[in-house]
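Colleague: Let the sequences and hints guide you as you build the complete structure.
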Amino acid sequence: MLIRRVAVLTGILLVSISLAQGQMPAPSDQTGDGIARPLRIGGGGWVVGLDSTNGQLLARTDTYGAYLWNASTQTWSQLITQASMPAEHFGYYPPTGTAQVGRNAGGTYEIAACPANEAVIYMMYGDNIFVSTNRGAKWTATGYRGGSVGNPNGGFRADGRKMAVDPTNCDKVLAGTDQNGLWTTTSGTAGTAATWSRVDSAPIPTATASAKPCNGRICYPGYAIAFDPATSAAGMTSRVYVHAYGYADGVERGGLNVSNDGGLTWSRLSGSPPYVAHMVVARNGVVWVADNTRVLRFDGRVWKTPLTSGGWHAVAVDPADPNHVVAQTESGALAVSMNGETFTRLGRFSRVADDVPWLGVTAESFMSSGDIAFDSNGSNLLIFAQGIGVWKTNPPPSGDFTWTSMTAGIEQLVAQQIIAPNGVPIVGVQDRATLTVPGPHDTYSAYQSNPNRNSASILNQTYSLDWAADDKKFVVAQVGDYIRGNSNFSGYSTDGGLSFKVFSSWYHDVPASSVSRYSGPFGNNLVQIAVPSTSGLTTWQEGRGAIVRTVRYDSNGNAPIPNQYWYVGIVDDTHLVLLDSKFAASYTNAGRYLVYVDTNPLGDRNGLGNITAMNSDRGATQVTIAAKRWAINLVENMPVCVTGVVGTGDANGCWLIGSPDATAGVFTLKRSSFGSYHRGGVASFILPAGGYMASASRKNIVHVPANGEYPYCSSDGGLTWRQMRAPAGLTTGDAVGWTFPHWYWTQHNIAADRVIPETIYLYNSGAPRTGDARAGLYITTNCGPLTQVLQKFMGAGNSVLRSVPDKAGHLFFTAGPQGSAKHPTNSPLFRSVDGGRSVETIPGAKEIITMDFGAYAPGADYPTMYMIGWVNESFGVWRSLNAGAARSSFRGMISGTTLTVESVASGSIALGQQLFLNGVSEGTIVTGFGTGSGDTGTYLVSQRQFIPSGTMAAGPTFERVTNYMLGSMDGHNSIAADGVEWSKWYVGFSGSGYAWGQKQ
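When you line the sequence shown up against mature numbering (1 follows the signal peptide of the UniProt record, and there is no 0), it's residues -20 to -1, 1 to 980, in that order.
Think of the hints as simulated: they come from the structure by calculation, not from any bench.
Here the structure is a predicted model, which is why all the values come from computation and not from measurement.
Yeah, the Cβ is synthetic: ideal placement off N, Cα and C, and Gly gets one too.
Don't take each hint at face value.
What the hints assert, rightly or not - Straight-line Cα separation of at most 27 angstroms, DSSO-like style, residue types lysine-lysine; simulated pairs: (1) K787 with K826; (2) K481 with K452; (3) K650 with K679; (4) K787 with K802; (5) K679 with K452; (6) K979 with K787; (7) K453 with K802; (8) K826 with K979; (9) K802 with K452; (10) K453 with K772; (11) K481 with K679; (12) K452 with K372; (13) K802 with K826; (14) K481 with K453; (15) K453 with K562; (16) K826 with K453; (17) K787 with K679; (18) K979 with K452.
To be verified - Label pairs and their in silico Cβ distance ranges: (19) A565 with D786: 51 to 59 angstroms; (20) A51 with T288: 33 to 41 angstroms; (21) P512 with D641: 53 to 61 angstroms.
Modeller: Shown next, in the form of structure tokens:
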């Protein structure tokens, strides 16, 4: 998820339906069995909750189901699989027809085991509460009928716990939804026969809207629930606590409620906190609460606050010692109490990740807290559910400590794109940008190959990857930081994606020992960096001179020098100074620094718009700029360029933002000191966020942004960019239709021809994305103006345009999913063999989500095509070895293995074509000629059947190579066909990482 995460998600684990009980096979890189296996990358975000019961450990995620820890193998196993879930609650159901509904819910809202028998587990998932009596091997939907249980990827997903099982009675459960109230059952293990009733007793509210909206919308925190184990006797626990986050009609209704009769009646506890992030009850009956600010304890009489401030998010009590308590902040810091009264804050932490090595070196100085829990065996082992995985430590009473990864088996990265032109998968993800996976794929070989390395700006993502038509080793990556002003880290690789550099003509990677203290003409106690050469840079002054970006990366991701832009002073041929910096000795002792000049295209970037006011009193204050439109996420030190100012030429140039105020719509230009002027435009220094890139060659690269802007092109390998010229009748301001205006949509409307030099195709869906005169296919050569070659609306939303290697002018297009609740939608697969000047539909294929082309199969004359979607109304991953085969439409009948073609409406019948429509059996192929030779007559077909006369179609053959990917998330973002091994493919998911498969 992002740790973020917009309406997208987080996750990674996938297996095929042939596996029993959701267990993983022992994969290798040469299987040939068609089973889809996890492409082992590891981790992701966010693991948001834990349940530790009788030595059993469960974890829940925000976008990819829930997991069970296997202590013997030291790995996690996914609990939501096609083998474990009821058919009507997994995948697309019903499995055939035109009314299939995606039943996967993504993340798990809550999961809890029964303390009296840990094999009994309850799970809040989708629109039901499920129960398992065999540790999650099989789930049964209970009789809950209260509607959606809650949003597992909502703003309060890391709070809890939202469900609790009576410690002495596995049938009794309290479950809190986010919008539909608090529910209880006393017959939970009865499964479908279990009855639930809503708790309507005052003072517990049935609505839980938060007082403060999240991202402009109402949020629903839900409930926190805990039984008091000290009151368990004779199969019943009498005392139970429920915190309800109530806010309605302008009145705060939140607070902690207690029942002393097992939940029959309730009363409000005076003095209880209005908000609870986490609540646990120790075996001695003491209630512990973290409210994202404080840690509180309640002994049944009075409330105390052992920790009064510090952003405390989670709390855990040692089951072996109720006075041994650990609290955690939202950023992962710990405080320990050995007496249940006073806490000692621990020192710095380090990270070790032998299981998934890249987790140990990625930037993670802020370890986002989901939940903490002690090992229930009483071993002083603390488990931490975190933004990129799960960790463990033995917390000391004081001092520093180490987090050790226990993440193997969790695959929860949010996929954006995957390519494998050279046989090595390169994956683009949210939160962690770019990873390269050299293999073998049953090992954790992945490493971060980001153009910006392990920067302090951890929430980067790779929106797009592509390889150059003239050199498969040249790979481009569109990378941005959506949190910090959409800062751009895009770059390129010349070794097939093994390593990346940012697009820059001035770029150095130096050790920390190159940093030293500077005092001199530029100022005192500044940061000085030694580089091989400062040639090409000049000292910055009044909008003129060098602005550089620095990134520090080291083994623990700590970055004392912020990952940011700086004005530069040139000391000599090999030393530069970061103006306005402050030196610290710690800057010199670890890691390395990237120092480079970012690309600086001019234009209307990120919605800044034209200048409406620029104010200054000549020297007394800095210049303040007000713009017509205000860009979200502008941050301090983000660079902008000013152009076209009338009144003083001093304003024109590039600057760093100071004091951005989104509410007022203004910002200052740091170090500015000149007089009044007007007009002009202001633009961000960086490429726009999101969107997709296509590389026609090592020189010509086109970028289509996802923020509604017009495409950009570089003719020098990404060093400089300019906005492309519009076709006749359109302007660059008329940008609607190139991409969807949100970076997280997987719209990929651009492709480079793999044969015709320096040629790139683009699709525009028109405005308002329903097809007007601008809708259709466009072409550009050598970064020249866009020319419309086909006026046709072919759909919008999740569209994908692909070119075919070795086939000049061959294109395939799909509009993808159209937002319908039922599948497959009537969205055809289009093909062009003349550079987009005309298109035809491919029979049998509907609502193709994504596709790609790879190596040739033995004897084939067309690159192998892999695609995800529906063929003959059946979902799967499909392969075609003859995607370029002719198509035809005709009227005919089949008797046994003889096809009689009565009339031909279009095209011609050919050997190897697959037949569709009129009830023809799936996979029926034309295998021989009878009296026909392309027109009317008889033909032999591969399957014996009896089909009456009717309309049929024939075209490329499709073989389903795997039926369904196991796992709780069905959002297939991308597919890659291996460019070396024709039988291998890779799939990326919007909430569950990546999978790979191979079938001969």
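Colleague: Against the structure shown, which of the earlier numbered hints fail to hold, in ascending order?
Modeller: 3, 4, 7, 9, 10, 12, 15, 16 and 21
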